[in-house]
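To convert, note that position 159 of the sequence shown is 162 in this note's numbering; the numbers rise steadily by one, no gaps.
Since the hints were made in silico from the structure, they are not lab data. One should not assume that every hint holds.
Said to hold, decoys possible - Keeping only pairs whose Cα atoms sit at most 25 Å apart, straight-line, the calculated DSS-like set for lysine-lysine is:
no.: 1; residue 1: K7; residue 2: K24
no.: 2; residue 1: K119; residue 2: K81
no.: 3; residue 1: K48; residue 2: K77
no.: 4; residue 1: K248; residue 2: K324
no.: 5; residue 1: K49; residue 2: K130
no.: 6; residue 1: K236; residue 2: K77
no.: 7; residue 1: K119; residue 2: K130
no.: 8; residue 1: K48; residue 2: K187
no.: 9; residue 1: K244; residue 2: K322
no.: 10; residue 1: K322; residue 2: K274
no.: 11; residue 1: K195; residue 2: K236
no.: 12; residue 1: K24; residue 2: K236
no.: 13; residue 1: K195; residue 2: K7
no.: 14; residue 1: K264; residue 2: K243
no.: 15; residue 1: K195; residue 2: K183
no.: 16; residue 1: K253; residue 2: K294
no.: 17; residue 1: K253; residue 2: K187
no.: 18; residue 1: K83; residue 2: K187
To be verified - Simulated restraints on C-beta separations:
no.: 19; residue 1: L323; residue 2: V9; range: 39 to 49 Å
no.: 20; residue 1: N258; residue 2: E231; range: 32 to 42 Å
no.: 21; residue 1: G108; residue 2: T133; range: 49 to 59 Å
no.: 22; residue 1: N258; residue 2: K49; range: 57 to 67 Å
Because the structure is a prediction, the values reported are computed rather than measured. Heads up, the beta-carbon is just placed ideally off N, CA and C, and yes, glycines get one too.
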Amino acid sequence: MSDKEVLHILGESVALGESAKVSFNVAKLHTQNTIDVPVIIERSKKPGPTVLITAGIHGDEVNGVEIVRQIIAKGINKPKRGTIICIPVINVFGFIHMDREFPDGRDLNRVFPGGKGGSLASRVAHKLMTEIVPHTDLILDFHTGGADRFNAAQIRIVKNEIVLDELAQVFGAPVIYYSKNLNKSFRNSCYKLGIPMLLFEGGKSFHIDSTVTNTGVNGTKRVLYHLEMLNRKFKVSKPKKGCIKIADSKWIRANHSGMFKSAVSVNAQVKKGDVLGHITDPYGSFNHFVKAPNDGYIFNVNESPIIYQGDAIFHISTKLKS
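Using the sequences and the accompanying hints, generate a full structural model.
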């Protein structure tokens, strides 16, 4: 698979030592214009693994797109051995309109593995799974928190997978979150094919955070170095601090609607009863304190100034993995 002298992908042939930008044809619009997503391929003369780096499954998650953009702009995607395939924006429709979903109203990350005769989102998922994913040995998929919920930089993997565990620790994000593969997600479909994926989450929609971006770029370099694929001109930094491994967690939800202000930031370690934030109204008639229900780490904070009863406002760990 990864050691082929000629890579046949999306109707193009790319030999060892060659670079190529091929088109992932997403759809033809009602105006007869075609929508093509650029797929950037870099192959070393020396055979080795094939790594796929993706972002923009949700069109409003620009921080992930920025991470892949930097990987390409800095030349990190030019491997010492093997092949690196980059797709910075999969959901180009959503990216153009700064919308999470596809024009058909579907969440692309809930229609995998898709179908050739299905909805627009389903057809894109099917093409990705049949024409690109089978060529790969490892996938790094970059996401951000939805809406105004700011995610701590984290790698999400399933429990009890030795290869994923090792790669997640090599990546060196501040948090490893052990979460189940969601049904019909990109990650779950790749898992069923036996292709390991590190899913990176960090920051929030419509926002580029330099700390999160640096974590994603540096983590990618560490993984490529581990696979002996990183070009010699790049230095690999050590993670700044020890990794928090979260085995279980819960969402803290708002008991009241109102104006919301957090008193803690992501990665904060809190004790049961600590004040995490407060909810008020515009008239100064009440001030409700949001308190930690247990000891743990806060790894997602809702940064919206206005919230409604039942909104998820903090994600807190309930059990750590040793």
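List of violated hint numbers, smallest to largest: As far as the earlier hints go, 2, 5, 8, 11, 14, 18, 20, 21 are violated by this structure, in ascending order.
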